[in-house]
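Chemist: Sequence lines, in order, name chains A and B. Using our numbering, read the first sequence as starting at 8 and increasing by one per residue. Using our numbering, read the second sequence as starting at 8 and increasing by one per residue.
There could be a bad hint or two in this list.
Copies of the same chain look alike in the list, so a pair counts if it works inside one copy or between any two.
Derived DMTMM-like pairs (lysine to aspartate or glutamate); straight-line CA-CA distance at most 25 angstroms [stated by the list, open to error]:
hint, residue 1, residue 2
1, 282, 24
2, 290, 172
3, 52, 213
4, 9, 169
5, 46, 237
6, 290, 214
7, 46, 318
8, 9, 316
9, 9, 257
10, 282, 14
11, 282, 39
12, 46, 324
13, 9, 214
Rather than coming from a laboratory, the hints here were simulated on the basis of the structure. Just so you know, these numbers come straight off a predicted model, no measurement behind them.
2 protein chains.
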Amino acid sequence: MKKLINDIGTVLTESLDGFAAAHADIVTLGAEHQFVRRKQTKPGKVALISGGGSGHEPLHAGFVGHGMLDAACPGQVFTSPTPNQMLAAAESVDGGAGVLFIVKNYSGDMMNFQMAAEMLDRENATVIVNDDVAVENSTYTTGRRGVAGTLIVEKIVGAAAERGDSLAALKSLGDAVNSATASMGVALSSCTVPAAGKPTFQIGADEMEMGVGIHGEPGRRRVKLGSANEIAAELAGACLKDLSLKPGREVILLVNGFGGTPLLELYLMVNAAHKVLAGAGVKVVRHLTGPFVTSLEMAGCSITVSAVDVDALALWDAPVHTAALRWGC
Amino acid sequence: MKKLINDIGTVLTESLDGFAAAHADIVTLGAEHQFVRRKQTKPGKVALISGGGSGHEPLHAGFVGHGMLDAACPGQVFTSPTPNQMLAAAESVDGGAGVLFIVKNYSGDMMNFQMAAEMLDRENATVIVNDDVAVENSTYTTGRRGVAGTLIVEKIVGAAAERGDSLAALKSLGDAVNSATASMGVALSSCTVPAAGKPTFQIGADEMEMGVGIHGEPGRRRVKLGSANEIAAELAGACLKDLSLKPGREVILLVNGFGGTPLLELYLMVNAAHKVLAGAGVKVVRHLTGPFVTSLEMAGCSITVSAVDVDALALWDAPVHTAALRWGC
């Protein structure tokens, strides 16, 4: 294992200290590194809290700030945060209008966020993200996995929270965005969890894992590496099929790097995905390209297609000021 | 070689097509993919043009837009663009106040930009960036290499061009920023140039290349992998030594990923670099962290320290709207 670390036991806390120092204008750390929160919260606004295992940076801490999350609870690498973290975060950022949890559909996260929701003596609701169309059920999941589409849910719901939408309205919007969002990924290499010290899976020099999860979980099948066009056809095709989009429908296209694939290739995949979407008559109205929901240093990418109406598009375009996404302010 | 590509011969053009589609609000492509330019240029403003081999994305095309570059000329991977590309770019974006070329110090780039400067029938000047303190002379370089500090030169000079500084003033500012900027990097793995099809260099499972260049060129020495703290001490220490900074001096700290190292580790390196700089009494007033000047999928990072006065800091903070850097607009 080759990593820029000091000690396996302190990877997360040292990284969070660096993150907090680098973005001191936006975030502060909770006690004992339990959560990352906005420096300033807005009274009367619903508080948005997400979290999950680390190793997917910039998700989620990189999306804390104006227009997106109020707090993020980081677990150890690929390990759920605890209910105590979520309760401490809720205590810290609740503005009196309730708390919305945004949770990726993994068994550990679901159990711990549910426990926090039950223990929390404030009005709360939960949006579950399960945008990965590759497989039903998986190593850590019952049902579909939550992957890169989480970013889109957090951005759109975050903007709605900023304009003052109620908890019930945000829960409903989050569910709707999740339903309109589909993702699928491919891995060319494995990732290595620091505490494990060896690659999560083995893969041949000419193979790819089609439909991989963001923890290196198995996808649909292990096959010979295809061309970018073939891969884009399968990934974007699976998203289109899942969403049953009619020609003329407007979408956001997110080409997400898993960590080890350079931008040169990600933009090539954007070009390839465009052809697939154009072929289906779908209109890409917004783009996001880069490593946003990663799997440590895994090589590969995912394609996310999110259908948007006028309101969702305006919320996507609304100002955001976080470590990893910033526009309009 | 495992990459998300269709054909080795069209990697660059397909990637540029994807880039232009993804950022159609900011850039347009020149004919025959000769350059990437701002969609809108400002008459009476000095035009800033950079470029170099591809494979370092988002450098340079990702820095084209308001507040930074007017155009970028992409060569094939790790190969200089041609003088014709630079002349076509200059023709396209010159606003009548002259052209400033920003060139990383590699023999191919230097020769071709110099040829373009001589052929160009418009007032022009050139800023040479050579911020890499690791070694004098290298595989492709006479003198020091230009690496991640290029981004800082492009941002600060770009902001000054936007406010209307003259060509002579920008040339002088660019030289000053370059002199105040030092970088050094470390690689844990090699990169693979698509046309070569195999890793640029071999490195042992427990080794690192200390002082590596952004094309995988040799650095100071090949040694056993050290801890993040040891690596930060050497990288940041070399920058501090080169700049001879007095205690109390204000700096921008750029922790740059080479492509294959996750953000989790880069932020851990921020934390480690902070301790080194604090120990020297230097004050980090701004941060930038992420893969900005990459070497395809190489694992590793570089540390850049750039000393700033009040004017340079204001120019760093000035609005920028490019694919890879965006704030204030």
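Chemist: Reference check for the pair residue 290 and residue 172, CA-CA at most 25 angstroms: within, between, both, or neither?
Modeler: Neither: 28 angstroms inside a copy, 41 angstroms across copies.
Chemist: State whether the alpha carbon distance between residue 46 and residue 237 is at most 25 angstroms within one copy, between copies, both, or neither.
Modeler: Neither. Shortest intra-copy (45 angstroms) and inter-copy (32 angstroms) distances fail the 25 angstroms Cα cut-off.
Chemist: Under a CA distance limit of 25 angstroms, which applies to residue 52 and residue 213: within one copy, between copies, both, or neither?
Modeler: Cα proximity of residue 52 and residue 213: none, with 51 angstroms in one copy and 50 angstroms across.
Chemist: Tell me, please, which holds for residue 9 and residue 214 at an alpha-carbon limit of 25 angstroms: within, between, both or neither?
Modeler: both (22 angstroms within a copy, 8 angstroms between copies)
Chemist: Quick one: residue 9 to residue 169, C-alpha cut-off 25 angstroms, is that within a copy, between copies, both, or neither?
Modeler: Intra 41 angstroms, inter 43 angstroms, cutoff 25 angstroms: neither.
Chemist: If the cut is 25 angstroms between Cα atoms, do residue 46 and residue 324 qualify within a copy, between copies, both or neither?
Modeler: Answer is both; intra-copy 22 angstroms and inter-copy 20 angstroms each pass.
Chemist: With identical chains, the pair residue 290 and residue 214 could be close in the same copy or across copies; at 25 angstroms between alpha carbons, which is it: within, between, both, or neither?
Modeler: neither (32 angstroms within a copy, 48 angstroms between copies)
Chemist: Check residue 282 against residue 14 for me: Cα-Cα at most 25 angstroms, and say if that holds within a copy, between copies, both or neither.
Modeler: between (46 angstroms within a copy, 16 angstroms between copies)
Chemist: Given identical chains, is residue 282 near residue 24, meaning Cα to Cα at most 25 angstroms, within a copy, between copies, both, or neither?
Modeler: This pair counts as between: shortest inter-copy Cα distance 11 angstroms, intra-copy 42 angstroms.
Chemist: 25 angstroms Cα cut-off: does residue 282 pair with residue 39 within a copy, between copies, both or neither?
Modeler: Result: close only across copies, 20 angstroms inter versus 48 angstroms intra.
Chemist: At most 25 angstroms between alpha carbons: which applies to residue 46 and residue 318, within, between, both or neither?
Modeler: neither (28 angstroms within a copy, 27 angstroms between copies)
Chemist: I want to check one pair: residue 9 and residue 316. Are their C-alpha atoms no more than 25 angstroms apart within a copy, between two copies, both, or neither?
Modeler: neither (45 angstroms within a copy, 38 angstroms between copies)
Violation of the numbered hints given earlier is confined to hints 2, 3, 4, 5, 6, 7, 8 and 9; the remaining hints are satisfied by the structure.
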